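Visitor: Residue numbers (this note's numbering), protein chains in the order written: chain A, 6 to 390; chain B, 858 to 1186.
In case anyone wonders, no lab produced these hints; they're calculated from the structure.
Predicted, not measured: the structure shown is a model, and the values here were computed from it.
Hints may contain errors.
To be verified - DEER-style ranges, computed between Cβ atoms:
id	chain 1	residue 1	chain 2	residue 2	range
1	A	THR327	B	ALA881	49 to 59 Å
2	A	GLU226	B	GLY966	38 to 48 Å
3	A	ASN90	B	GLN876	51 to 61 Å
4	A	GLY19	B	VAL995	24 to 34 Å
5	A	LEU189	B	ALA1054	37 to 47 Å
6	B	TYR981	A	SER369	27 to 37 Å
7	A	GLY19	B	ILE980	44 to 54 Å
8	B	LYS1163	A	ASP134	44 to 54 Å
9	A	ASP75	B	ALA1024	53 to 63 Å
10	B	TYR981	A	VAL71	53 to 63 Å
11	A	GLY19	B	PRO1010	26 to 36 Å
We treat Cβ as the ideally placed atom computed from N, Cα and C, and that holds for glycine.
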Amino acid sequence: MASITLANINKWYGQAVHAVRDVSFTIEDGEFFGLLGPSGSGKTSVLRMLAGLESATSGSILFDGVPVEDKSPQERNIAMVFEQNALYPHMTARQNISYPLKIRGMSKADIDAKVAEVAGMLNIAHLIDRRASQMSGGQQQRVAIARALVRNPNLLCLDEPIAHLDTLLRARLRGELKRLQRSLGTTSVIVTHDPIEAMTMTDRLAVMRDGVLQQVGTADEIHSRPVSAFVAQFFGLHSINLMSIEGVVELPRLMGRFGGETANLPTALRPNVSSDAKLLLGCRPSGLDVRRAGEAKPSTDTLQVRGKVYVSEQLGDSLLVTVQIGPDTVQALIPNDRKFGLDEPVDVLADEAALYVFDPKTQSTVRFAPRTISPGLGNPPAVYA
Amino acid sequence: MSTSAVIPNAVRSPRSASQKRQQAQEKRATLILLAPALLFLFLLSIWPVAYLLYASFTSYQLAIPIPIEWVGLGNFESIVTNPRFWSSLSITLVFALMAVPLQILVGLGLALLLNGYSRGREIYTSLFLIPMMLAPIVVGFSWNLFLNPIYGPLNSVLRGVGISPPAWASSPEWALPTLVLVDIWQWTPFVMIVLLAGLRSIPPRVFEAAKVDGSNRMQTFIHIVLPMLVPYMTVAFVLRFIDSFKVFDIIYILTRGGPGTSTQNLAYYTYDLGFGRFEFGAAGALSIIQLILLTFGTMAILALVKRRDKAPASAAPAATHRLAEGSAA
């Protein structure tokens, strides 16, 4: 176990591709850390540099304060679970798991004991004499995890370990991996493009985009206080609604145009209006409300804009309503006691306290929503995501 | 119950009748399309083999105009009681068991070397394949010149560094090793290309996993690369074994089975019986014996590998199984 620090890490592939740009963060001892980002964001490169499979072009990596850039994966004592196809295909599960111990010259009795222990932890004792080709994808990944854990690594690297499994199995292994990590206390890093995975499994996570670290924090911090429109949109069960409002005027009520419709704006946003009379607002679907047209009265602390229902989807305990406003759409997550027909005219409402304000040019966050809904609270279960 | 059993049958029967008709039509079309190929196969392959089989039981002699008589197993008996047969068999086996393992060893080395080059690998691979593309006759004549005791370049080089060169193909001790050398030179590229394909089929993640597991290069090679190459080595071994068992051209060019009978393998012995002494009956019997030996030899090798590799871990062992079926047929 170790604490890990990355300082000003850069990675160039050839002259043209700057895959990782000046990334710095620290992973605490025993922490389960997530690297989240869309594909091509550089998250896997960061993990591979941590593991020692690739070297950084510049910058330093410290394990417990000791630089490890020149050390091999073995010297760093890291273990890794790959996306898929990384078991030794000619070996049985037992031989796969015991291989790292065997080449370290451990006695057969010790190896057998360790293998039995991890096989029990991962519920693969019954598969122990099968080869990779005789196991399902989920079983193979369990064996791969067992092989990683069998030698008590300083750092466990997980490269999208469950991305290729089906939804139910993924949800189950998510929980198992989290419990396993907690009980063993092994410092772990998981790379994923799935915000749910990152949110549910990790203690803290880093969001990356185009090789640049966007934000580091707990899932709750990133969810409630995203640093930019990108992070806000990428992170969460449902993507945040971005509303680009133009031609904001005060006569005397604050108003602007959104998707060609006139939008009533909360007076509190007056200081955030840009010099060219624009406002970039964000609101999570759980912060939006949808009412039949004319049902709600305009108020000075509510955003209100007219649209028509594009589609409304039952999510069991809630309703996801997509409303078309001119060329734009917004999504609202509301209690499922209401019903809307297709193309029914509606008013979309958002309390001032649920609105984020982003800079229209840089997209960075200008104002966090004073009241936020924590991930998981009042949201549908992950299976709908 | 009875109605539900009757109705589906009534519904099904007309469809199955039309299906049958269609199947029959397809069968006929298949037969017509295959007919030319089957005719050639019969004339060039099945008929000669059948005639060979027939001849092996007769006293067929081309040179002496005696009536052809059925002699039963007489030819087989006289062959297996002839010490020349046993010496030819041992020469055949020694040749195959010297040449093929060395080809696999050198081929593996070359494959590993080429697999390490990312730049220009295709060019090097093509260059290495040149010997394989040459006709064996050309190879034989080239080596004949190369090893010539008077103006051959190899001997000049050896003399230049102070080694007195052996007589190569004309010395009883060196003739067989010389033939082995030529076979290795010509056919190692084949083994190399098979093993290179094997190496390239190993997912890169497996190597990374080994690196992470703390496996050094030697351990990775012994515990991971080599076992994963076994199916490919088996294929190469079997194909090369069959080929070197019946090698003829380079012997014909370089040594003519000599000096004495020191390089006379079964193939050359058969040639000598058939076209040297025109004893077609005996030559036919010898061919049949070779066919049987080769078939059982190959099956034994594949059975060994199959037992070792009971659960196929990749597609490659399936290839060796197919090979087993092919050679048995």
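Visitor: Next, verify each hint and record whether it holds.
Guide: Do the hints match the structure? See the list:
{"no.": "1", "hint": "A:THR327 - B:ALA881: 49 to 59 Å", "result": "holds, 58 Å"}
{"no.": "2", "hint": "A:GLU226 - B:GLY966: 38 to 48 Å", "result": "violated, 57 Å"}
{"no.": "3", "hint": "A:ASN90 - B:GLN876: 51 to 61 Å", "result": "violated, 42 Å"}
{"no.": "4", "hint": "A:GLY19 - B:VAL995: 24 to 34 Å", "result": "violated, 45 Å"}
{"no.": "5", "hint": "A:LEU189 - B:ALA1054: 37 to 47 Å", "result": "holds, 41 Å"}
{"no.": "6", "hint": "B:TYR981 - A:SER369: 27 to 37 Å", "result": "violated, 53 Å"}
{"no.": "7", "hint": "A:GLY19 - B:ILE980: 44 to 54 Å", "result": "violated, 22 Å"}
{"no.": "8", "hint": "B:LYS1163 - A:ASP134: 44 to 54 Å", "result": "violated, 19 Å"}
{"no.": "9", "hint": "A:ASP75 - B:ALA1024: 53 to 63 Å", "result": "holds, 57 Å"}
{"no.": "10", "hint": "B:TYR981 - A:VAL71: 53 to 63 Å", "result": "violated, 42 Å"}
{"no.": "11", "hint": "A:GLY19 - B:PRO1010: 26 to 36 Å", "result": "violated, 45 Å"}
In the structure shown, a violation is registered for the earlier hints numbered 2, 3, 4, 6, 7, 8, 10 and 11, in ascending order.
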